[in-house]
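Trainee: Per the numbering used here, numbering of the sequence shown is gapless, rising by one per residue and ending at 302.
Simulated from the structure, these hints should not be mistaken for lab results.
No false leads were mixed into what you were given.
Quick list of simulated restraints, FRET-style, between CB atoms:
| id | residue 1 | residue 2 | range |
| --- | --- | --- | --- |
| 1 | 248 | 272 | 28 to 36 Å |
| 2 | 261 | 198 | 28 to 36 Å |
| 3 | 211 | 163 | 14 to 22 Å |
| 4 | 125 | 232 | 17 to 25 Å |
No experiment lies behind these values; they were computed from the predicted model shown.
Even glycine gets a Cβ: it sits at the ideal position worked out from N, Cα and C.
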Amino acid sequence: MMRRLLSLTTFVAVLGLILLGLSSGNVLADGTETLGDPSIPIASGTGVVAAGTGLAAQPGVININVPAGATVKQVLLYWSGAVTSNSPSDDTISVNGTEITGTLIGGPAFFFSAFGKEWFYSNYRADITGLGLVGSGANSLTVEGMSNLDSDGHGENNGAGVLVILDDGSDAAAIQVKDGLDLAFAGFSEPRKTTVPQTFTFPSSSSDRTATLPIFASSVGANRPNTIVLSTDAGDIPDV
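Whole structure, please, built from the sequences with the hints as guidance.
Mentor: Here is the structure:
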């Protein structure tokens, strides 16, 4: 289970648990003010890697390392922004000079009022596997072209993240993705005060296993500490 306590805009959480013989999770839908199973197929693999960049100043650079010799099975690009009108934010960005238009997976959703305006957030996803931008080894992606600011300079170009599903020839992993848009700030009333808990379900085991939990979140800052609360059937895990 995952719960966020202070100001964040979460757009994806991924569990990659090493489990022999299991692959990707169900395909359902994304979400607004919650995360959900993606509305696209998710590849099977043996693991995941993820990285991101802020886009308040552009271009931003995503440096992501795929283990040497591993095969890239799927590459998902996510980005988040806010505009001062009840409409979707910018759905098109550029990665290494290639213009990419995303699918809206959450929003537009009202978050707060400031400067006499209402701020609405939207999140996007694009499957960029076929572009060949990410391969085995070190990869550098230059991201730019997000434009959400109004004539007064209000709005947010929050950031972008890349999730890579890979196969390095080892045992298959149970890869589960939850994406969408879930807004929260501790000083607001519900449903904008906390995020919806997310549950990843997998078979029990008497052996120790390792899980990887990348989380893409935006609109954070040094004066906005954030807490991720994790728990299992065996008990709580220290907050991160």
